[in-house]
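S.K.: This is what each chain is made of:
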Amino acid sequence: MRRRVSRPLAAAAFAAAFLGAACFTGCDLSVLWSRRSHLTDIVSEMIPPEWSFVGTVLPLLWTTVQMSVTGTVLGAALAVPAAMVCAGPLPGPRALKKLARFGIQLLRSFPALILALLATFFLGIGAFAGTAAITVYTFAIITRLTYEDMESAPLGPYTALQALGAGPVRAFVHSVFPEIAHAYLTNALYLLEGNVRHSAILGYVGAGGIGLLLNEKVSWREYGKVGMILILLFLVVYGMEALSAVLTRLVQHELTISPTGRRLLIGAAAGLFAFCTLTLPSPDLSRTSLRMVRVMLDGMLHPDLELLLRLDSSGLAYLLLETAAMALVGTCVGVVVAVPLSFLGSGRFFPAPVAWFFRTVVAAVRSVPSLIYGLIFIRVCGPGSFTGVLTLAVCSVGLLCKRFSEAIDALDLRSVYALEAMGISLPARILHAVFPQLVPQITSGTLYRFDVNIREASVLGLAGAGGIGAPLIFAMNQYAWNEVSTLALGMIFLAWLVDLVSSNCRKIS
Amino acid sequence: MLQVQHIQKSFPRTGEVLKDVSFTLKDGEFLSVIGPSGAGKTTLFRILNGMEACDGGTILYAGVPFESARGRDKRAVQRTIGTIYQDFCLVEVSSALKNVLNACLPEMNTGAALLGRFGPVRREKAAGILREVGLADKLDEPVKRLSGGQKQRVAIARALMRDPAVLLADEPVASLDPVTGRQILELLRQVQQSRGVSVLMNSHNLELSLEFSDHIIGISRGQVVFDGAPGDLTEEVLERIYGGAGVSA
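So the protein lines, in turn, are chains A and B. In the working numbering, each residue carries its 1-based index in the first sequence increased by 65. In the working numbering, each residue carries its 1-based index in the second sequence increased by 4.
It should be emphasised that the hints constitute simulated quantities derived from the structure, not laboratory data. Every value quoted in this text rests on a predicted model; they were computed, and no experiment measured them. Yeah, the Cβ is synthetic: ideal placement off N, Cα and C, and Gly gets one too. Treat each hint with caution, since some may be false.
[To be verified] Below, a list of computed lysine to aspartate or glutamate pairs in the DMTMM-like style, where the Cα atoms sit at most 20 Å apart:
(1) B:K148 <-> A:E244
(2) B:K23 <-> B:E56
(3) B:K30 <-> B:E56
(4) B:K148 <-> A:D214
(5) A:K163 <-> A:D214
(6) B:K148 <-> A:E319
(7) A:K162 <-> A:E213
[What the hints assert, rightly or not] Rough simulated footprint, nothing fancy, chain B against chain A, three-plus residues with beta-carbon under 8 Å:
(8) 238-246
(9) 516-526
[Unchecked claim] Covered stretches of chain B, as calculated for chain A (at least 3 residues, CB under 8 Å):
(10) 55-66
(11) 116-130
Just chain A, same shape as in the assembly (with noise of 0.2 Å):
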């Protein structure tokens, strides 16, 4: 049964919330106008760029690609059995299939930067913290997407399988492994693409990769280095992407190779994950004891009531609404950028310079990671939460291009072409035959960028652009764990919340 919720009424509580949120986080366009030479001259100072840095960068660069791909893999790879122990139509005890769920969902509330800094607790300053890091990250999502989509899946097969005989593991790895199969590999590409850009990051908080060199020059205003390094970075996501399209093609069956082609890519990709692997540095565990980890076990099972109840601007309820307020308008003014420009980027409605223009634009605005807007934006609006919306803002267009974008060329265009056939103009045909067959994509594209804006909120601390990031970095390098056990659980709470109304909207569009 579909519950019905009048339209005008949801939109005007929305229109509420959105105008709240916007007037909580201090929104200020006349800010950034006044104030937006200071955005052009560093963004002039990035170019020309130091092409002679390019040898310090690529080793860095290096470490990152890494990084991602380790822990994508290994990620993607111990997602599987986690999925199967998740799922529904698997027997199994129905409390231990709660807990793991649960399980899940607490490793999804937090970022893989938090996650990062976690590790270098355990696994000591280096990139081995930070593939560790990047591999519990990609874990928590895949395993929750592969569940669903085992849920999901035709049990018919399964069924009949079962009354063959065969027992419930080898009847579901046949029957409903290769309906998922693809589903699973293009979600593991798809996350792929997107740890390079977190790899990148994870510098900062002492887990390898390019993300320390990044901050310093960022932090001594050598801007031309920055645009050194951001191109090239730029140049391995693109590379990155260009290489997950054409695996993802693969896996979709859209392209067919020959089987020596399909083992030489197999080898290929097995050869690339074992050389990642078997290069990576090895963990520093001399800080790591007994003792450390049941200090910080005793401060999270104690969490900070203080900062729990507290109501003022540093107490647990502030911080997570600015959060929450920072994502809500990050995302809505992503979403109103990112329609037109999808459209732009579309060989369908437009010609393929223009398309191809526009698409690279928006890879190279979104190859750039978002604590690097942050530091960028702080320098021309100054620490907040303002800082925090732009930043937010101009990431989600960068991601929400590339999936409308898909939706645009997966488009069935009969109906535009049967108004193209009856006189009537292009904007009319992309309202009334294009829009109505969108709207499922940018309502769950929408939906899903919220909730990754939640956490990507909380990194955005660390550059001083407000949010609950900042306080929960600075009390786990003070090693205050009972502040980080009750920011933490406030991190949970809110991503827990972000799930459920984000579901009930699923329902209600």
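Given the structure of chain A, go ahead and fit chain B onto it with the hints provided.
M.R.: Relative to chain A, chain B alone:
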């Protein structure tokens, strides 16, 4: 071959679905279970293939009790039963051959089963059965690219892969057009005759059931109201089975 004695089943929501159902399927016989929607045919079918437990009564496959068997014993009996479904229940993205080979999963050791290493002997057998059901040129075709009739042929091949003694068919032609439906039943009869398999079919299609069966069981509101040869089905008996709901031919 199959003896069903005093089967009872009720569900919390719908109440008693099967009341004291008894009949016998002889070796090499083609038996059809007919009755209106909601008469309990599908529940009976699910009890017979072990996907549902019954509340009372006995089921004997070749003299071996089935309803009380659990785990390994139950699976051993299930391996002698081939099942065919209305909606085929095939893995759509896998090839026809792979779907047929899936029937071998229960007898393989764990590693080979999980990795899908079926071996050349099984592959050759599966290919042979697919040729037998008329799909010689579709072995490597993904099932999603086959027509409804071809899918049902793959499902029959999968059921035959285990050399079953009994074939259970739940509305095997309900998703097919009349011409294809008749071809599928002809294939089932051919299999029944050439391999000596007993066939038990649930069907809505009275005309085809009468034409192809040796034995008819009529069920109405969870009770057997007719048990005899197709020739003995009079208008009055049909009235009793379908209860004035009209005869769907």
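S.K.: Next, verify each hint and record whether it holds.
M.R.: Do the hints match the structure? See the list:
no., hint, verdict
1, B:K148 <-> A:E244, "holds, 11 Å"
2, B:K23 <-> B:E56, "holds, 15 Å"
3, B:K30 <-> B:E56, "violated, 23 Å"
4, B:K148 <-> A:D214, "holds, 19 Å"
5, A:K163 <-> A:D214, "holds, 17 Å"
6, B:K148 <-> A:E319, "holds, 15 Å"
7, A:K162 <-> A:E213, "holds, 13 Å"
8, 238-246, "holds (count 6)"
9, 516-526, "violated (count 0)"
10, 55-66, "violated (count 1)"
11, 116-130, "holds (count 3)"
Against the hints set out earlier in the document, violations occur for numbers 3, 9 and 10.
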